[in-house]
Amino acid sequence: MLCCLVLLTVVGFVFRRRAADEPFPPAARWGSTSQPRRAAVIPQWPLWPGFLRGAAVGVLVYVVVVTLLLATGIIEAAASSDAAWVARDAALALLALAGLLISAHGDAVAPHSVRTTATALVGGGVAWTVAGIVDMHLFAMFEFVHEASLHDPVFHAAGFWAVVAGTVLLHSAETRRVAPRPAVVHATSPRPDTQ
Amino acid sequence: MPALTTKPEVHRAPASDAPEAMQPAGGRAGDGRRGERRVDVRVPERHRPNGPVTRARLRRTFRVISAGWAVGALLTILTPSPAATAFGLGSLLPGGGFAYTSDPLFAVLSVAAFSLALVLYWAFGPVLLPPLVWIGAAALSAYAVDESVWEGARAAVPAALLLMIATGFAAQRIRFARARARGRALDERVSEVRATISDPAAIPPVTESGSEDLAALRYALDLTLQPIDEWEGFSFLDQFREGAVRYQLNFAQYAMAMSQYTRTPAFTGYLAEGQRNAIEKMLDPRVWRYWRWENLWGNMRWEPDPCRRDNVMLSGYWGVMVGLYQSLCDDRRYEAPGSLTFRNGPREVYPYDFGSLAELLRDHLDDSPFCMFPCEPSWIYPFCSSYALNTVILHARQHGGDASDLIAGYRESFDRDFMRADGSVVAIRNGRLGFSIAAAPTINESVLVPWLNPGMPELAQRLWWTMRERAIDLDGDEVLPTIRDLDRVDVGNYRYGADTFARTMVVLAAREMGDDEAADVVQRSLDANAVIERRGGVRRYAKLSVYGNLAHTLARFTRRDAMRDMIAFDRPDAWSTGPRLAGAPYPDVLVAKAVTDGRALDLVLRPGDGPVRASLSLDRLVPGARYVVEGAATGSVVADRRGEAVVCDVDLGDRAELRVRPA
Chain E
0 MLCCLVLLTV VGFVFRRRAA DEPFPPAARW GSTSQPRRAA VIPQWPLWPG
50 FLRGAAVGVL VYVVVVTLLL ATGIIEAAAS SDAAWVARDA ALALLALAGL
100 LISAHGDAVA PHSVRTTATA LVGGGVAWTV AGIVDMHLFA MFEFVHEASL
150 HDPVFHAAGF WAVVAGTVLL HSAETRRVAP RPAVVHATSP RPDTQ
Chain L
0 MPALTTKPEV HRAPASDAPE AMQPAGGRAG DGRRGERRVD VRVPERHRPN
50 GPVTRARLRR TFRVISAGWA VGALLTILTP SPAATAFGLG SLLPGGGFAY
100 TSDPLFAVLS VAAFSLALVL YWAFGPVLLP PLVWIGAAAL SAYAVDESVW
150 EGARAAVPAA LLLMIATGFA AQRIRFARAR ARGRALDERV SEVRATISDP
200 AAIPPVTESG SEDLAALRYA LDLTLQPIDE WEGFSFLDQF REGAVRYQLN
250 FAQYAMAMSQ YTRTPAFTGY LAEGQRNAIE KMLDPRVWRY WRWENLWGNM
300 RWEPDPCRRD NVMLSGYWGV MVGLYQSLCD DRRYEAPGSL TFRNGPREVY
350 PYDFGSLAEL LRDHLDDSPF CMFPCEPSWI YPFCSSYALN TVILHARQHG
400 GDASDLIAGY RESFDRDFMR ADGSVVAIRN GRLGFSIAAA PTINESVLVP
450 WLNPGMPELA QRLWWTMRER AIDLDGDEVL PTIRDLDRVD VGNYRYGADT
500 FARTMVVLAA REMGDDEAAD VVQRSLDANA VIERRGGVRR YAKLSVYGNL
550 AHTLARFTRR DAMRDMIAFD RPDAWSTGPR LAGAPYPDVL VAKAVTDGRA
600 LDLVLRPGDG PVRASLSLDR LVPGARYVVE GAATGSVVAD RRGEAVVCDV
650 DLGDRAELRV RPA
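Residue numbers (numbering that gives the first Met the number 0), protein chains in the order written: chain E, 0 to 194; chain L, 0 to 662.
Derived from the structure by calculation, the hints contain no laboratory data.
These figures come from a predicted structure and were not determined experimentally.
There may be inaccurate statements among the hints.
The calculated label-pair distances, taken between Cβ atoms and stated as ranges, are [claimed, not checked]:
#1 E:Ile101 <-> L:Arg300: 47 to 55 Å
#2 L:Arg58 <-> E:Ile101: 53 to 61 Å
#3 L:Glu211 <-> E:Leu96: 53 to 61 Å
#4 L:Gly344 <-> E:Ala76: 52 to 60 Å
#5 E:Ile101 <-> L:Arg285: 17 to 25 Å
#6 E:Val133 <-> L:Gly344: 34 to 42 Å
From the structure, some residues in chain L lie toward chain E, with a derived Cβ separation under 7 Å [what the hints assert, rightly or not]:
#7 Ala143
#8 Ala159
#9 Asp221
#10 Leu222
#11 Asp228
#12 Trp296
#13 Asn528
#14 Val530
#15 Ile531
#16 Arg533
#17 Val537
#18 Val545
#19 Gly582
#20 Pro584
Even for Gly, the Cβ is constructed at its ideal location relative to N, Cα and C.
Could you put together the complete structure from these sequences and hints?
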């Protein structure tokens, strides 16, 4: 049951495009000679291109930061083989490239907005967190020189906080973007009091 | 308790369960209903936790998983390689390999990932995801192995597996024993219930809608009277789960159909157009295109046709929409071949009509050993399959067919494989693997009651009264004291917290069962906690999903056995031949009541947007005949050659009665 609740929460969050209630439908008319009113369409840009783009950028930033940390001696390489580093860099570069290419198909016409920034932050944060855990704890590619320091948790938490920041931004953007329109009603025959 | 035997013939639906054609005529009930007879609502006693088909599925699943365990155990025992040992232990249990490689973090992550994969499998049907995650985690642990291994894992992981298996079996036995005890206790209480079923009156009751009824109906009308390609006010979340727009269309049409049946059987006009629009909006690719992906990752087939396989969550619900519309509006347009065609560009065309859809659903039900078929690949929900069954019943009734074989099969399967020993219902079962998972119990059982009532009224009565005993306390501070966490989800928008959706479904079930006492109490509890929003003469509950609001509108227009009468029984001849109101401007003229006795037409109208002078179109008059119009400035009309006429100058300031009768 707990799993179902967790899933419903996740599904609800991921798929919810509108934090507010749906607006009332437009007041319909039937039996009128006038043309139907065109409904206002609220653009529904998909979230995934921004997420993928953010993830791609997150991977690239991650690679650069790790390189800088290596260069400054804050971390040291644990993997002895250069081939392992080459394979790891190539894999990360391919992932970033794939993310950028796929995301380019998704929102060619989507305007830049808080939503795109927010989803990019979420994507980047997820990419950072996953890459860090896999790099350090699965493949043991590097480790912090001072194990007892706060470097390790701070390093991983950076991704987590990016996800939180993106989520908050996205939530506020979604709350703002829905605004019901006033209905327009046309009488279909003259009213007695207007004659 | 009546014994639940495994002999198939015992659970054939009794004659009283069969729809119209087989119903015996009998005495008259107090409200004009005929042939009232008492039914036994005690829970059938079970001697085993699962039914025969479920047991066969579970045995097969256990054999397949056991083979994987055997391979893992052999790798662990026979090979000296640490990598093979890690893979073997990972094959025994998700995370077992990482226990061996001394990576507790990844062991926990593996368990979490596998759990998430199972949940995603339930939600969206990707059948390969759980085994891939499981085997993938085992492979990763083999890759990550180094000199720091924990040899104790060789014993600990198999021991944990054996402990889990033993615990699982023991828990099942304990749950079953407790459920039997609860079932016996429940029997004591429900044996006093005088539950009855009956056939509809010769002329079903038609009542007048109040202003609140009309305001609620206008929500469905405003949604569906938009042009086909416009969707303002609908909720677009995902198209896979319960938040999908298809359910909003389904329940908009069901609500309008129910209002037509119980309030305005002699009115088509915008009420019929709204229903048609709902039916035809289902053909929009945005509504059904999700299926190609579910079918691909769930059934490993590229077959975008949304009705060809599984997906009763679309086809069954849609079939009921079409069948109800055709029955209530006497409009056979959806009988024409290709009249219900799914198109996604010029090359993707899937033509259907009511007949071919009903035939397909019949085949799907018939071919399944459960007499039910899946929504998402693998996942069978009895209440979703009940819509497929009702489609078949609707089609059979309107074409002189017979659905009794399917009704019997469904009933048999339901009692054997979807009922628990305490009378509660297994809401979700994996048709491939056999296991079931938890669902919102109150919502699930409430939804089932009205949709089982057309074909299996005895079963619907049993479900309602046992659920009422278990879950409803009319005298307590909390009317639904046992409501569970999952019932606090509004499945139409995935919001968690309020149980308005669950209460809505309980009201619907209670109204259909004629238990107005329970319906009123639950409705009051709903009103006490929900906020009503109004705009331009339309009302709805704030925070309740579109789906939930439309379900509540359906409940509002439901009366005792309304769903059963509407689906399983023909309408009176007078309703199919008498004059009807075929056109009135909306929202200027709201139709609170429209009924015909075969010759005259009686209307109660209300203005929807202030005082108005309107014209009304009538049809199914006798061609060339003169009709007196009482209640309008036009004293009389003459029907044209098609039997149609227009009544001009109907002044509506407030409620107005109009009668059109032969001169």
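For this session: Could you tell me which of the numbered hints above are not met by this structure, giving the numbers in increasing order?
Result: 1, 2, 8, 11, 12, 13, 14, 15 and 16
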